[in-house]
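There are 2 protein chains.
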Amino acid sequence: MLLFTPGPTPVPQNVRNAMSDETMHHRTPEFEAIFEKTRKHLFDLFKSDEVLMLASSGTGAMEAAVVNLCHNTLLNVNSGKFGERFGKIAIAHGLKSVEIKNEWDTPVSVDEVVEAIKSNPDIDAIAVQISESAGGLRHPVEAIAKAVKEINPNIMIIADGITAVGVEKIDITNIDCLIAGSQKALMLPPGLAILGLSNAAIEKIGKGKGYYFNLATEIKSQRKNTTAWTAATTLTIGLLEILETIEKKGGLDKLYEETATRADAVISALQAIGLHIYPKTPALSMTTIDDENASQIRKILKTDFGVNVAGGQDHLEGKIFRINQMGLIAPYEISWVVNSVELALAKLGRRDYDGTANKIFNEKYFKLASK
Amino acid sequence: MLLFTPGPTPVPQNVRNAMSDETMHHRTPEFEAIFEKTRKHLFDLFKSDEVLMLASSGTGAMEAAVVNLCHNTLLNVNSGKFGERFGKIAIAHGLKSVEIKNEWDTPVSVDEVVEAIKSNPDIDAIAVQISESAGGLRHPVEAIAKAVKEINPNIMIIADGITAVGVEKIDITNIDCLIAGSQKALMLPPGLAILGLSNAAIEKIGKGKGYYFNLATEIKSQRKNTTAWTAATTLTIGLLEILETIEKKGGLDKLYEETATRADAVISALQAIGLHIYPKTPALSMTTIDDENASQIRKILKTDFGVNVAGGQDHLEGKIFRINQMGLIAPYEISWVVNSVELALAKLGRRDYDGTANKIFNEKYFKLASK
Chain A
1 MLLFTPGPTP VPQNVRNAMS DETMHHRTPE FEAIFEKTRK HLFDLFKSDE
51 VLMLASSGTG AMEAAVVNLC HNTLLNVNSG KFGERFGKIA IAHGLKSVEI
101 KNEWDTPVSV DEVVEAIKSN PDIDAIAVQI SESAGGLRHP VEAIAKAVKE
151 INPNIMIIAD GITAVGVEKI DITNIDCLIA GSQKALMLPP GLAILGLSNA
201 AIEKIGKGKG YYFNLATEIK SQRKNTTAWT AATTLTIGLL EILETIEKKG
251 GLDKLYEETA TRADAVISAL QAIGLHIYPK TPALSMTTID DENASQIRKI
301 LKTDFGVNVA GGQDHLEGKI FRINQMGLIA PYEISWVVNS VELALAKLGR
351 RDYDGTANKI FNEKYFKLAS K
Chain B
1 MLLFTPGPTP VPQNVRNAMS DETMHHRTPE FEAIFEKTRK HLFDLFKSDE
51 VLMLASSGTG AMEAAVVNLC HNTLLNVNSG KFGERFGKIA IAHGLKSVEI
101 KNEWDTPVSV DEVVEAIKSN PDIDAIAVQI SESAGGLRHP VEAIAKAVKE
151 INPNIMIIAD GITAVGVEKI DITNIDCLIA GSQKALMLPP GLAILGLSNA
201 AIEKIGKGKG YYFNLATEIK SQRKNTTAWT AATTLTIGLL EILETIEKKG
251 GLDKLYEETA TRADAVISAL QAIGLHIYPK TPALSMTTID DENASQIRKI
301 LKTDFGVNVA GGQDHLEGKI FRINQMGLIA PYEISWVVNS VELALAKLGR
351 RDYDGTANKI FNEKYFKLAS K
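Protein chains in written order, with our numbering: chain A, 1 to 371; chain B, 1 to 371.
The following block holds chain A by itself, in its conformation from the complex (with noise of 0.2 Å):
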């Protein structure tokens, strides 16, 4: 079975093999040095001031970065199930709420933001996702924490960058908060999240709050070289080989070419097929297709091809589905994911497959001359 759901992605067979080593003690010289180079390498794909690697889900960071970095009112955008978590965080921990909401397939205008932040002096955070997963689009956030820190640098931009992190170069230049999970672009199983930091929000973060996801904890800690709490040593020892493999491939650049051209590619192939891209602004971590058939499409081809896509949740249920972009993924495989989307087309009775989608995907990956 084809794994092309966006997170969990498949696990490189050299990363399992790294974390099915026997067991290491997280308070030990030899952990210490696996966690420093791994915060290295962090660094690299982060280009923040600080990162902090914790041993919980990408909603773990999310609270984490609300509670620590937004003391009194949370703007946050809602495009989707993942913007609309955030307000919610914020109001379990009795903050102020506002939000913005939009159709799951509609990206936030940054005169919308500014427009929220000018009539709500009290917002002192925004949170935004770079990719929303729900519906596979991508928000402006680089443009909206620009016009935010024209107007007021001290609101802190918290960045959900879960499915952006690995797939796209982020211009983290007005950007806080930056939050990463272990099992999107980096290809490793859930349980580890991953924060990079700016030096505004590591001094609003103070002496921090909450007590498991209090970050002033980990920045003391982790600028050691080991964590507050006991460290997630499998994930981050996944991490590391993870972080080297990509090194070896040709660097974060190259994996951010390929990852753009895969996800153009697809989308030609697709809707050289007929099909419809859901989102106004689509992510390059998913692409997202809305079709009527959407559900019989995800059986077909589980059951026929060998591949797993995702479909939508809540009002999108049935409605979409969604085919990951994240990590490194061989030609021969995405190409035979749309091949098969072609298939099940055909099953469907839509239209008589001539292996378009597979033809279009090659030539576009593989920049050769169309006819």
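A hint or two may mislead.
Pairs involving identical chains hold if they fit within one copy or between any two copies, as the list cannot separate such chains.
Said to hold, decoys possible - As a list, the in silico DSS-like pairs of lysine-lysine whose alpha-carbon atoms are at most 25 Å apart:
#: 1; residue 1: 207; residue 2: 88
#: 2; residue 1: 81; residue 2: 224
#: 3; residue 1: 207; residue 2: 81
#: 4; residue 1: 359; residue 2: 209
#: 5; residue 1: 88; residue 2: 204
#: 6; residue 1: 96; residue 2: 209
#: 7; residue 1: 47; residue 2: 149
#: 8; residue 1: 207; residue 2: 96
#: 9; residue 1: 224; residue 2: 88
#: 10; residue 1: 224; residue 2: 299
Calculated directly from the structure, the hints in this document are not laboratory data.
All figures in this text were calculated on a predicted structure; none of them were measured in a lab.
Chain B: place on chain A using the hints.
Then chain B, alone, in the frame of chain A:
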């Protein structure tokens, strides 16, 4: 190197193999089936009304327990670093805290708890370690729980069993929340915590508190064999494998018996070579020795004999060493540990080596007639 720290414990090869299989998506019938099976095993292990798995270290589960089960004042028993932590968690979340503090070798008495409860009517939860790892002692948690419930059955009893679950049979009659961690007697990598809850605890949780650690959200999801946030899939797969392994090797009762026999045999062996057991009431999870040469012994064990045991923390640094007893341990390994301690004493010129430790261990463990 033989890893004999009281967590992390070594992960058996078959468990590491199971965890290194290809990635599985967490929102699938395949994973739900694994989750369901794991839950069934956990009900056997915990004997509680509900069990929940959380993607975090044990500290996260301690926070989840305190936040959801204490709404006013927490009584925490501090005979070490982990008991102290419960109080810190309460304060970090704006709760009131009453602490009973003793030396790290001294268990709390039932009377001390009863007195604290009677003089502080605001106390609505008590948090205590079954096995306090800082000094390796056993608190009389079951007796405390019984006495407290007789005074006020509404007081929630939070028992930290991170180094007790899987070590010994715990009578949960009066315990509302029992906490376990993956990297201890469950022989897994760190990153998964487990909570066993009573029906009274579930009632008090109500709609829950917090967000990532809101237990109401998890109860709702996990009863449907899924998790609220992304599951620690790989660790769950590992947990099922280890629980099945324990079953195949004779079941929990056999594990408990072997652990108790081993811990007892190690104490006899180490006392026979003149060493002193630190805690007044030793936990079965680890054997803790206080010794003026503790640091040198640890160093010799590691360098010359390939044995990694834990030292002490804070004011006990360099003053104790702790030998793990948790999990499935082969007699030849633990026998070598006590033997190597005897060899270390000879190296230090403390006593001539005559093989006593190994001999006493084996006589006791295999219940041979002692002369």
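Structure-based check of each hint:
1. When the C-alpha separation of residue 207 and residue 88 is checked against a cutoff of 25 Å, the pair qualifies both within a copy, at 24 Å, and between copies, at 14 Å.
2. Taking identical chains as interchangeable, the C-alpha atoms of residue 81 and residue 224 lie at most 25 Å apart only when they sit on different chains, with a minimum of 20 Å there against 36 Å within one chain.
3. Taking the shortest Cα distances, residue 207 and residue 81 sit within 25 Å of each other only across copies (20 Å), while inside one copy they are farther apart (31 Å).
4. Taking identical chains as interchangeable, the C-alpha atoms of residue 359 and residue 209 are never at most 25 Å apart, the minima being 54 Å within one chain and 53 Å between chains.
5. In the homo-oligomer, the alpha carbons of residue 88 and residue 204 lie at most 25 Å apart both inside one protomer (22 Å) and across protomers (22 Å), since each shortest distance falls under that limit.
6. Taking the shortest Cα distances, residue 96 and residue 209 sit within 25 Å of each other both inside one copy (16 Å) and across copies (16 Å).
7. In the homo-oligomer, the alpha carbons of residue 47 and residue 149 lie at most 25 Å apart inside one protomer (19 Å), although the nearest pairing across protomers, at 54 Å, exceeds that limit.
8. Taking the shortest alpha-carbon separations for residue 207 and residue 96, both the intra-copy value of 21 Å and the inter-copy value of 19 Å come in at or below 25 Å.
9. Taking the shortest Cα distances, residue 224 and residue 88 sit within 25 Å of each other only across copies (22 Å), while inside one copy they are farther apart (34 Å).
10. Proximity of residue 224 and residue 299 under a CA criterion of 25 Å is satisfied inter-copy only: 22 Å between copies versus 49 Å inside one chain copy.
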